[in-house]
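Participant: What follows is the residue order along each chain.
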Amino acid sequence: MENFIFGRYMPGNSLVHNLNPAMKILISFYFIVIVFFANNYLTYALLFFLCFISLYLSKISFGFFLKGIRPLILLIIITVLLQLFFSAGGHIYFSFWIFKITSLGLISAAYIFMRFMLIITISTLLTLTTSPLAISYGIEKILSPLKKIHCPVDTIALMISIALRFVPTLTDEATSIMNAQRSRGVDFGNGNLVKRIKSLIPLLVPLFVSAFKHADELSVAMEARGYSPEMKRTKFKSYLIGMNDYISMMLFFVISLMIIFFRN
Amino acid sequence: MHKEIIFKNVDYYYQHDTPYEYKALENVNLNIPIGSFTSIIGKTGSGKSTLVQMLNVLIKPTNGSIEIDDFKINSKTTNKNLKPLRKKVGLIFQFPEKQLFADSVREDIAFGPLNFGMDESKIDSVVEESLKLVQLPISIMNKSPFEISGGQMRRVAIAGVLAMKPEILVLDEPTVGLDPKGQKFIMNLIHKLHVEQNMTIILISHQMDIVASYSENVVIMHNGKVVAFDTAQNIFSNESLLNKYDLTLPSSIKFYNQLIANQLPLNESVPMHVNQLGDQIIKMFSRGRN
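Protein chains in written order, with the numbering used here: chain C, 1 to 264; chain B, 265 to 554.
Keep in mind that the hints were calculated from the coordinates and are not lab data.
Don't take every hint at face value.
Claimed, not checked - Between beta-carbon pairs, the in silico distance windows are:
| no. | chain 1 | residue 1 | chain 2 | residue 2 | range |
| --- | --- | --- | --- | --- | --- |
| 1 | B | Gly441 | C | Phe236 | 53 to 61 Å |
| 2 | B | Gly299 | C | Pro168 | 51 to 59 Å |
| 3 | C | Pro152 | B | Gly441 | 33 to 41 Å |
| 4 | C | His150 | B | Lys445 | 50 to 58 Å |
| 5 | B | Ile270 | C | Ala174 | 28 to 36 Å |
| 6 | C | Arg225 | B | Ser408 | 28 to 36 Å |
| 7 | C | Asn18 | B | Asn507 | 53 to 61 Å |
| 8 | C | Phe49 | B | Pro283 | 23 to 31 Å |
Claimed, not checked - So the derived list for chain B, only partly shown, Cβ under 10 Å to chain C, looks like this:
| no. | residue |
| --- | --- |
| 9 | Pro360 |
| 10 | Val425 |
| 11 | Met451 |
| 12 | Leu453 |
| 13 | Pro529 |
Note that this is a predicted model, so its numbers are computed, not measured.
Backbone N, C-alpha and C fix where the C-beta goes; we use that ideal spot for every residue, glycine too.
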C-alpha cells in the first residue's frame with residue numbers, strides 16, 4: 001500500500017501545481033471526454049503527447065509516476081484480456097473453446113489499454129498536483145451556479161473538505177488500532193474468508209467509535225468558533241485564473257479540435 | 265536463552281524508497297536486561313514508539329536485527345508464527361482504551377488469551393485475576409466496555425493485555441490523560457508486576473517524576489538515535505545531558521539542587537523520589553541535632 005500513489009497529493013511548486021483547481025478539474029474531465037473521441041493511432045498519439053507534456057510540466061519524476069500506477073496494471077490487464085478474447089468480428093486468428101482472438105478484438109484491446117492509460121495518467125496527475133482542500137475549492141466553484149436554485153453548495157464543499165481532511169487522521173487511527181489488536185494475537189488477512197471477516201470486527205468497532213467521537217468534538221469546536229451554515233464565508237486562500245490557465249485551456253481545446261479533425 | 269533484549273544496528277525508514285521516505289531510527293544499539301525496569305525518554309518524534317513497536321514485529325527493522333530470547337527479528341522476518349513472540353511481549357499503547365471493542369468487559373479481556381490458544385475453561389479465572397490486578401469489581405465483567413468511565417476503560421484495556429500473561433510488558437505513556445490518583449494507581453500496578461512477578465518493564469514516558477521514581481535504567485532518544493543509556497541515578501545526576509536534549513529534571517532533584525545551592529549539607533546522591541529527598545532532609549536535621 002505504501003507505494004500506491006493513485007489519489008494522493010504530492011506537494012510541489014510547478015506550473016501544473018499552480019493552475020486554478022476548478023480549471024484543472026474541468027480540464028481533466030474534458031480530457032476524459034475527448035479520450036472517447038479518439039479512434040485511430042494518430043489521435044491517440046496526440047492524447048499521449050498531451051499527457052506527456054502535462055506530466056513533464058508537473059516536475060513529477062517519470063519513474064516515480066510509473067511505479068505508482070503499477071498496482072493498477074492488474075485491473076488494466078484483466079480488462080484488456082476480456083476485450084482480447086471475447087470480442088467478435090473481423091479475421092479469426094485463433095480459437096479455442098469460447099476464446100477467440102480476432103483482428104477487431106486485437107484492435108479494441110489496444111484501444112482499451114490506451115484509454116485506460118490516458119485516463120489513469122490524467123486523473124492521477126490531477127490528485128497528485130492538487131491538494132484535497134484545493135479540490136474541494138474547485139468543486140465548490142464548479143457547483144456554484146447551483147446556489148441559484150438554493151442548493152447548499154458551501155456546506156457540500158465544507159463536507160467534502162472535512163471528509164478529505166479526516167482521511168489521514170482515520171488512517172493513522174486504523175493503523176494504531178490494528179497494531180494494538182495484532183499484539184493481542186489477531187491475524188489480519190490470514191485464514192479463510194469467514195475468519196478474515198471476523199478479524200475485522202476488532203478493528204471496525206473501535207474505528208467507528210473514534211470516528212463518531214471525532215465528529216462530535218469537531219462539531220462542538222466549530223460551534224464554539226461561531227460556525228453557522230447560513231453565514232457567507234470568505235476564503236483564506238483565493239485562486240485567481242491566470243495566463244497559464246488560459247494557455248493550458250487553449251492547448252487542450254486545440255488538441256481536441258485536431259482529434260475531431262483527424263478521427264475517421 | 266539470552267538475558268537481554270538486543271538491538272543491533274537497527275535502522276528504520278518510513279515509506280522506504282519513495283519521495284516520502286523518512287528515517288525514524290538510525291543505528292540503534294541497545295541491550296535491555298531481562299527482568300529490568302527500563303524507561304525510554306526523549307522528545308516527541310524521537311523514535312521511542314517506533315522502537316517499541318518492533319518488539320512485536322508490528323514493523324520490521326529496515327536494517328539490523330533484534331533478538332528477544334530465541335526470536336530473531338530482521339527485515340526478512342515473515343509474518344507467520346509470530347504468536348509466541350506476541351504472547352511473550354505485551355504491548356500497551358497510548359490510550360489503550362481505544363482498542364476496546366467487545367460486547368462485554370469479560371469478552372474483551374478474554375480476547376487476547378483466546379487468540380493465543382488458552383483453554384476456554386481457564387478463561388473465567390484469568391479474567392477475574394486480571395480484574396483483581398487492576399482493582400476493578402468482578403461485577404463489571406458483564407457491562408459493555410463503552411458504558412464505564414474513562415479511567416475504568418483504561419484499566420480494562422490494561423487488564424486485557426495482562427491476561428495474556430506476558431513476560432515482557434511494554435507501555436507507551438500509560439498514564440497520559442489520567443487524574444493524579446489514576447496515574448499513581450497505574451504506576452504502582454506496574455511496579456508491583458515488576459517486583460512480584462519479575463516482569464521486564466519497558467516504559468515510555470514524558471513525566472520525569474515517574475521515570476525517576478520507578479525505573480532502574482533510562483534510555484534517552486534523540487532524532488532516532490539512542491544518545492544515552494545508563495542507570496536512572498547516573499542519568500538524572502547529569503543535568504547538562506538532560507538539558508542538551510530538552511528534558512527536565514524530576515521535581516525531587518530540582519528541589520534538591522535548590523537546597524544544595526543554599527549550602528544545605530545533604531547527602532551526595534541525588535534523590536530519585538520525593539520520599540528519598542524527605543529522608544535525606546530528616547537525616548540532615550537529625551545529624552545537625554547530634
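Participant: Hints first: check each against the structure and report whether it holds.
Facilitator: Going through the hints against the structure:
1. Remark: the range hint 53 to 61 Å for Gly441(B) to Phe236(C) is contradicted by a beta-carbon distance near 32 Å.
2. Taken as a hint, the range 51 to 59 Å is violated for the pair Gly299(B) and Pro168(C), whose Cβ atoms sit roughly 40 Å apart.
3. Checked against the hint of 33 to 41 Å, the C-beta distance between Pro152(C) and Gly441(B) comes to roughly 37 Å, which is consistent with it.
4. At about 55 Å, the beta-carbon gap between His150(C) and Lys445(B) stays in the expected band of 50 to 58 Å.
5. Between Ile270(B) and Ala174(C) the beta carbon distance is about 32 Å. The supplied range of 28 to 36 Å therefore holds.
6. Separated by about 34 Å at the C-beta atoms, Arg225(C) and Ser408(B) satisfy the suggested range of 28 to 36 Å.
7. Between Asn18(C) and Asn507(B) the beta carbons are some 44 Å apart, a value that contradicts the proposed interval 53 to 61 Å.
8. Take Phe49(C) and Pro283(B): their Cβ atoms lie about 26 Å apart, and the range 23 to 31 Å holds.
9. Of the supplied interface hints, the one on Pro360(B) holds, with its beta-carbon coming within about 7 Å of a beta-carbon of chain C, less than 10 Å.
10. Using the Cβ-Cβ criterion of 10 Å, the hint placing Val425(B) at the interface with chain C is satisfied: the shortest such distance is roughly 7 Å.
11. The restraint placing Met451(B) at the interface with chain C is violated, with a minimum CB-CB distance near 21 Å, outside the 10 Å limit.
12. Proximity of Leu453(B) to chain C is violated relative to the hint, the smallest CB-CB distance being about 19 Å (cut-off 10 Å).
13. Here the hint on Pro529(B) is broken, as its CB sits about 50 Å from the closest CB of chain C, past 10 Å.
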